[in-house]
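Trainee: Heads up: the protein sequence lines correspond to chains A and B, in order.
Mapping of the first sequence onto this note's numbering: position 117 corresponds to residue 117, and the numbering continues sequentially without gaps.
Mapping of the second sequence onto this note's numbering: position 7 corresponds to residue 1007, and the numbering continues sequentially without gaps.
Wrong hints could be hidden among the right ones.
As the list claims (entries may be wrong) - Footprint (simulated), chain B over chain A, 3 or more residues, beta carbon under 8 Å:
no., stretch
1, 160-171
2, 177-191
3, 197-208
4, 215-224
5, 272-282
What the hints assert, rightly or not - On the chain B side, residues computed to face chain A include the following (Cβ under 8 Å):
no., residue
6, Pro1007
7, Pro1012
8, Val1039
9, Arg1047
10, Ile1048
It is worth saying that the hints were derived from the structure and are not from the lab.
Where a beta carbon is used, it is the ideal one built from N, C-alpha and C, also for glycine.
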Amino acid sequence: MTFAIETSGLQFRPGRGFEISNLNMHVPSGALYGFLGPNGAGKTTTIRLLLGLTPKQSGSITVLGRSMPGGSVDVMARTGYVPERPHLYPTLSVDETLRLHSAFHVRWDSAWADELKRQFSLVGERRVASLSKGETGKLMMLLALAQQPELLVLDEPTDGLDPVVRRDVLEALLGYVSSHSATVLISSHLVHELERICDWIAVMDRGRMVAELPMQEFKDGIKRLVIADVARTTKEPPFTVLARKQSNGGEQWLVRGWTNGMRDYFAHSGGTLREVIDLDLEEGFVELLRSFRGAA
Amino acid sequence: MFDKIDPRSPTPLYAQISTRLRVAIAAGELLPGEALPSVRHLASQLRINPATVVQAYRALEAEGLVSTRQGAGTFVLDVPAERKTTERSVEARRLVRDMVAEAGRLGISATELRDAVDHELNGRKE
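Chain A on its own, in the form it takes in the complex (with noise of 0.2 Å):
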């Protein structure tokens, strides 16, 4: 497997917020991967960290084959990056952006840039400034589509847009990504819009990758166990218990890890496995945090 970003032991204490404390990602190239977390996790200084925007302070960092942050200026020509906050200079109308944008990047298409502006709606003469929300992260995406880039790099791109919005960025994201090979890292906490999207996830909290795996890895394996005749486990479980309760005479065991074949450990050392509960993303995301929290 090839990686369009990886990193090793990457560390940065920011001024303000938690430490970005021994980091390794690895973004498998033509991924779509989710990057799940808090607000205030360090998803942010993370991507600015990957992009050479932040220098880091030790560990290492490579995208798209770059050394980062040495390699920033040649990374940033092939990726297409929507930061959290817009950077757009209010002053200038929409196509004096698109030109503007369109001179640093080679692989720039007008002719799709201009299909693009014909599907979100936005007018060539409206000045930046004058932009709502929603046609301000519209133009966002269409800067990064636009320039055919090998990476993108989307920091909360639907965040604050209504849902007809969000519903055009994603379709034009997708659309991108049906027809060109390109890897993308979209940092979120819209669980859901993540789950539809993304075939890898990674979850961080407070500075620390609690997980990265294939979304549906992550999915299948994360399970509430209801249990009777508990104090008879006695082996050691071959999955990963993140959290207890008490329930109807038994318990209910979060676990992470799980298979199908496991239920062989009840079988063989005691304790009856009465069901297995599946959760959505969004479920085990919280349960995921509340055990990583509970355990810190």
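Add chain B to chain A, keeping to what the hints say.
Mentor: Relative to the frame of chain A, chain B by itself:
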């Protein structure tokens, strides 16, 4: 056609899509020679990963229900009638399995369930 696709369900998205299409082909909703939506279009429309759509189409191709022609798209194949009957019966079993499991969870007896099924089917009067 895909309004029941649920990303939150434990069933992988690609399996939900391929099942829906398999049933559509068996029921004649999709006819031989008809094109499936393009990967780009379906991924965009459902707002899901294009790789998921590709995986669903590949699964159907492996089952001999569709064929992908590079650059042209994915098309429904002429599937023999017995195959269609089998698919419908597999789907019927799946529906019933889910229903029986749910009924069990709710404490509904086999007799009560059968009565309810008869009542519904009589009401349908095909």
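Trainee: Find the hints from earlier in the document that the structure breaks and name them by number, from lowest to highest.
Mentor: none
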